[in-house]
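Take these sequences, add in the hints, and give me the full structure.
As you go down the protein sequences, you meet chains A and B in turn. Residue numbering for the first sequence follows the working numbering, beginning at 7 and increasing consecutively. Residue numbering for the second sequence follows the working numbering, beginning at 526 and increasing consecutively.
Calculated from the structure, these hints are not laboratory results. Hints should not be assumed to be uniformly reliable.
Have a look at the derived ranges for each label pair, beta carbon to beta carbon [stated by the list, open to error]:
| # | chain 1 | residue 1 | chain 2 | residue 2 | range |
| --- | --- | --- | --- | --- | --- |
| 1 | B | Arg685 | A | Met265 | 49 to 57 angstroms |
| 2 | B | Phe605 | A | His277 | 53 to 61 angstroms |
| 3 | A | Ala139 | B | Pro532 | 43 to 51 angstroms |
| 4 | A | Val295 | B | Arg685 | 50 to 58 angstroms |
| 5 | B | Ala587 | A | Tyr76 | 37 to 45 angstroms |
| 6 | A | Asp208 | B | Ala613 | 55 to 63 angstroms |
| 7 | A | Asp20 | B | Trp643 | 53 to 61 angstroms |
| 8 | B | Phe605 | A | Arg81 | 22 to 30 angstroms |
| 9 | A | Thr263 | B | Arg685 | 52 to 60 angstroms |
| 10 | B | Ile603 | A | Ala139 | 33 to 41 angstroms |
| 11 | B | Ala646 | A | Leu16 | 53 to 61 angstroms |
| 12 | A | Leu16 | B | Trp643 | 49 to 57 angstroms |
Just so you know, even glycine gets a beta-carbon here, dropped at the ideal spot from N, CA and C.
Chain by chain, the residues run as shown.
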Amino acid sequence: MLNADVQVRLGTLDLAVALTAVAGEVVAVLGPNGAGKTTLLRAIAGLTRIDRGSVVLDGVVLEDTAARTYVPTERRPIGVVFQSYLLFPHLTVMENIAFGLRARGRGDTARAVARTWLERMELGAYADAKPSALSGGQAQRVALARALATDPRLLLLDEPLAALDASARVNVRRDLKRDLSQFDGVRILVTHDPLEAITLADRLVILEGGRVLQSGTASEVTRQPRSRYVADLVGVNLMRGRATGGHIAIDGGGTLTAMDGADGDVFAVVHPRNVALYRSQPEGTPRNVWSGRITALDQQGDRVRVTVGGTPRLVAEVTPAAVHELHLAEGGEIWVSLKAAEVAVYPA
Amino acid sequence: MRAARPPLAIAALAAIGVAFFALPLAGLIYRVSWQTALGDLFTAEALLALRLSLFVSIAATALGLLLGVPLAWIYARISFPGRNVVRALTTLPMVLPPVVGGVALLVAFGRRGLVGEWLDAGFGLRIPFTTAATVMAATFVSMPFLVLTVEAGIRSIDHRYEEAARTLGASQWRIFQQVTLPLVAPSLFAGAVLCWARALGEFGATITFAGNLPGVTQTLPLAVYIAMETRPEVAIVLSLVLLLVSLAVLVALRDRYLRLD
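The following block contains the structure:
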C-alpha cells in the first residue's frame, strides 16, 4: 500500500497531492500537460525531493520531511517505466533487464532471471540485440521487464504508450493490460490519454494545476465531471453555479431550471445531444429557452458540434442534415431549448 | 541546384589563406631526400626521440584520462561555487604560452620550488630534467583538451539514463562506470586522441621544465629543433612524421567524432 502526501514547488508548478493506492490496484493519474503528473511520479520515486509531506510504502517510510527521512531512489523497492523507456543503448536487451538485478547484488542469477523475463515477454529472440533494433512496442515490454525484474513493491509508469504511433498503440495497450495484471504490487500510471487511463486503470485520479480535482472509477468520474478538463474529455457541457429550489444561477451569467432540487454550490451537466436548436423562438414544454450567436461549428465523425455563445454558453450536437436545414453558420443567431430533466445537478 | 559563386575578392583571399598553410607542408615534402629518408629516420638519436615521445605522449594521455575524466564529470554534473573559476584555471594551459607553463612548473616543482623543495627534503625526489618532468609538462598542456571534450560529452548525454539506472538500484559509482562512461565513449575517444596529439607536439613547457637530454627528456619536437642546426635532413624527416600523425588524427576525428562538417 502506498500513502503519498507530497508538496513540491517547481518553477510555476505548485503540486500538493495526497494519493493512496493499495496493492493489486492500478491507479491512473490523468491530467493535461503541465498538471504535475510527472513531478508527482518523480517525487514518489525520490528523483525529485519533496518540500513537505511523506511517502510511505507498505509501512516503510521512504520520505518524511517532518522526520527528515529520505531513502534515496536507488534504495527504494520501486520499478519505473519512463516515457521514452530509456533503455541503455550500449547494453543488449538481456543486459538491460539484468542491470537492476546486478545493481541490487543479485548478479549470480541475473542472466537466468532476465532470460525468464524475456521468455515471458516473448522476446527471447532479441536477447543479444541492442535496444535500437526493437520496435516501440517491444522496447516498451523490455522497459517493463527491466522495471519488474527486481521484484519491486511499487511500479510507476510515465505515459507508457506516448512514445508509440497510433497503429501500434492498440496492441501494446492490450499487452500492457495483461502484463500489468500479473504484478501484485501497487501500480501507478501517469497519462494524459483518457482512453489509456480508462482501459488500464481501476481508478482514476484527475490532476490539474497541481491539485487532485476528482478521483474514482472511470464511470464515477465521467458521470459527474468536476472540472472542465474531464467535461471536455467526456464531451459534455459543464457549468458551475448556485442552486435555489431548482433554479441555478450559472457563474458567468444565465439561469438554468433543473428537475433535481439541490441547493447551494452545484455542478450542472448537459449532454450536447440533448440540446435542441431552433431558427425562431420555440414555444413548448422545455423550461430552458434562450438565444445566442453561433461561435463555432466542428464536424466530429457523423455529428456536428455547435457552440452557441449565449448566457450560458453551450455546445449542441446535431446532424449535418440539421446544419443544412437550419442554415447554421458561424455568427448566426439561434435559439436553444433544453428540458429541465436533461440538466444533471450535483453538489460542487 | 547550382553552387553559389563567391565574389572574386573573397575567393582570392581564401586562396591565399589555403596557400599559407599548404606551401610550408609542400616545402617540407619537397625537401625530403627520399633516398636517405629511411636511414635518417632510423638514426640512433631519431629512434631515441621517437621512442621517448611515444612513451611520454601515451603516459600523458593515461594521466589525463585518470585525472581529467573525474574532473570533467564534476564540471558537468556537480554545481559548486567557483566552478567557472576552477574550470578556467584547468583550461588555462590551452591559451597560455607553453614556455610560461614550463616556468610555472619549474617554480612549483623545481628543487627550490613550492612543492619541489619539500619533495626533495622529505623524499629525495627531484622532478626537473627527468622523464617524469617530461610527462608532467606534456600532461599540463594537453589534459585541458581532454577535460573540455569529455565535459561537453557528458553534458550532451541524456541524464535521464542515469536516473533510470538509479531507479534500478544502481549506486552513483556503478552509474558512472556502467552508464555514463559507455555513453560518453565517443567523446572520451576524441578527447584522448586530441590530448595525445597535443602531448606529442609539446615543446615549450618540456624544454623549460625538463630540459633536452637525449633519451631522457628529448622528445621528437626537441630533437627536430636540435637537428635543424646539425642535420637538417633528419629534422625534415622527423617533421614529416609528426605532420602525418597530426593529419591522421584530424581526419580520423573529423569523420567520426568532431562533426566539423
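What hints, given by number in increasing order, does this structure fail?
none
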